[in-house]
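Fit chain B to the given chain A structure using the hints.
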Amino acid sequence: MIITEWSGRFLWLGIIGVLCLPISVGAAEIRVQSDTLFRGFERDTATQKNAAVIPFYEYLQIDVDTPDEPGLAFHLYGWGRADLADNDYYTDATEGELLYGYLEYSREMARFNAKLGRQQVFEGVANEAVDGLRLSSDLGPYFSGSIYGGLPVALDSDNGTSGDSIYGGRLAHHLAGWYDLGISYKKIRNDGTNADEITGFDLAAYLPYNVNLSGSSSYNLESDGWGEHSYELHFPLGPVALRPYFQEFQYEDYFTTGANSASPFRFLADTGERLRVGGADLTLQAGDSWVLVAKAKQYDYQVLDDSSQYAAAQATWSSGAGQSQIGGEFGYMNGNAAQNDYYLLRLFSYWDQLPEGCPVDFVSSDAIIVDYDQAIYGEERSLFISLAAGKKFLDDTLELKLSGDYSKDPYFDEDLRGMLTASYRFGRVL
Amino acid sequence: MHKNIWIGMGLSLLLLGLGACAALNSGLNLPTHHYTAEDLGEAPKQCTNCHEARGDTLAYGSFNHTATWLQTHRQRAMQHETVCSMCHQTSFCNDCHATQVELKPSLKNQPETYRQMPHRGDYLSRHRIDGQIDPTSCFRCHGNPKASQTCVRCHG
Chain A
1 MIITEWSGRF
11 LWLGIIGVLC
21 LPISVGAAEI
31 RVQSDTLFRG
41 FERDTATQKN
51 AAVIPFYEYL
61 QIDVDTPDEP
71 GLAFHLYGWG
81 RADLADNDYY
91 TDATEGELLY
101 GYLEYSREMA
111 RFNAKLGRQQ
121 VFEGVANEAV
131 DGLRLSSDLG
141 PYFSGSIYGG
151 LPVALDSDNG
161 TSGDSIYGGR
171 LAHHLAGWYD
181 LGISYKKIRN
191 DGTNADEITG
201 FDLAAYLPYN
211 VNLSGSSSYN
221 LESDGWGEHS
231 YELHFPLGPV
241 ALRPYFQEFQ
251 YEDYFTTGAN
261 SASPFRFLAD
271 TGERLRVGGA
281 DLTLQAGDSW
291 VLVAKAKQYD
301 YQVLDDSSQY
311 AAAQATWSSG
321 AGQSQIGGEF
331 GYMNGNAAQN
341 DYYLLRLFSY
351 WDQLPEGCPV
361 DFVSSDAIIV
371 DYDQAIYGEE
381 RSLFISLAAG
391 KKFLDDTLEL
401 KLSGDYSKDP
411 YFDEDLRGML
421 TASYRFGRVL
Chain B
1 MHKNIWIGMG
11 LSLLLLGLGA
21 CAALNSGLNL
31 PTHHYTAEDL
41 GEAPKQCTNC
51 HEARGDTLAY
61 GSFNHTATWL
71 QTHRQRAMQH
81 ETVCSMCHQT
91 SFCNDCHATQ
101 VELKPSLKNQ
111 PETYRQMPHR
121 GDYLSRHRID
131 GQIDPTSCFR
141 CHGNPKASQT
151 CVRCHG
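Line order of the protein sequences matches chains A and B.
Heads up: the first sequence begins at 1 in this note's numbering, then just goes up one per residue.
Heads up: the second sequence begins at 1 in this note's numbering, then just goes up one per residue.
Hint data in this document are derived by calculation from the structure and do not stem from the laboratory.
Any given hint could turn out to be false.
Stated by the list, open to error - For the chain B half of the interface with chain A, some residues (derived, Cβ under 8 Å), not all of them:
(1) His65
(2) His73
(3) Pro105
(4) Gln116
(5) Pro135
(6) Thr150
(7) Cys151
(8) Gly156
Ideal Cβ placement from N, Cα and C applies to all residues, glycine included.
Extracted from the complex, chain A is given alone in its bound form (with noise of 0.2 Å):
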């Protein structure tokens, strides 16, 4: 597990909170869920063809708290792997993320919330794991806010965390049942230098006749330039809602250049490029069971001067009971280029409404075919075909799953991995 010094401290920090909570409040629970996962699938690695890897994962998450009500809380969660074959497929036999363990105070009134510990922020243009303190709240009936700061996580492997530092906040003002509107920031240092400046607007308005306008805007600070202007409408006609939408990307302001950027993306900042996408999705409700939904989009590129397509219908029937669905969806990519052209098409089917005796509570399967316009290392097609069944245990405290599938796809030529999930469910009063 990769933990950092950091994110060491806010878990002890968590730990003792946790030790506290039967003094503090009474009828606190814990409850624990744990889901194992064994997969098997052969690769070609640096010194074997064939080899066999064998990972399996663990996500856990624990929660401690006093259910429906405010008061104290704690709450983890996180993930570690090995690969039992150890056979150099995984640059590290061992890996994992503590993505989040905080210790929550939150109060009924104005809905005051206080996290401290690593956490993930959604606010406005943040959508960054943070080892810090955030704190929100209402101000009054038309007003609420937040603010966070503490540690980029993101960063944290990038020269240690000296130096390194994230905060930002989101105001936003509402009007019930006519807007919502919101400016937020971000910040982002790096070992002194800044790695990332945003800051944007959000809005939703709700217009007459159930018409609802919603979007956002993102400014550069570092770049000095709006990074992203995404904007959607909201139609409902009986059984059909219609959603046009259009959005805009500078890249020069979209992809940062920091250092809370990545490879793939950096150079793209120098292109120059800016692309806008338009579109709009159709739903239709038909009777209780069926949904049928139509899409379309366009993208233009200002400096390739070109644009794509993409076109899809999809369809899914379902029971009214349980999860019980079935479903397809075909699409047309039509790409600026012959090579970025493809068909695709999507069958898939989940069932939990099986006869008694059966010995097994769900089964479902899913089968995606694409179609390429131009062949991808020789090869013109992706099959992929899962099938998967699952069974409940214990008063439905442990649930196993098995999948299987087969890949036969321009990367591998025939590919069978298998996957069991153990998911098991805990809890008790303190």
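Only chain B this time, still in chain A's reference frame:
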């Protein structure tokens, strides 16, 4: 150095302001958690099955998990993360939105074929096309040094 002190003082003032304002009444007046399937007797599916599309406190209709929700939920989450957290814990979002995950979401949840999951099937081949058509959508989840670990193997 002086700039950092000013920023620190500014943030401290904001903290104090937040603390003071937290004593005021809420505008949205939403509960911390939504009723669960056990409370309701069935799993809640669409908000407007029980709420008005234009409620007194929230436009519930815009939170309906429609067939295109995967593409449209971003704007709602950006503005109303607290509404998401009434039903979903952050771990639910972390399958896609996390600093570092190794398994793509559709692979981790392969048996749940009814869920709208990005990158189903042979996305290794398809990503070279989708990435050229619109790299901005890749950047949202793979844009920082840790999240791009899955890209670095081939893209350097």
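Q) Which of the stated hints cannot be reconciled with the structure, identified by number in ascending sequence? A) 1, 2, 3, 4, 6
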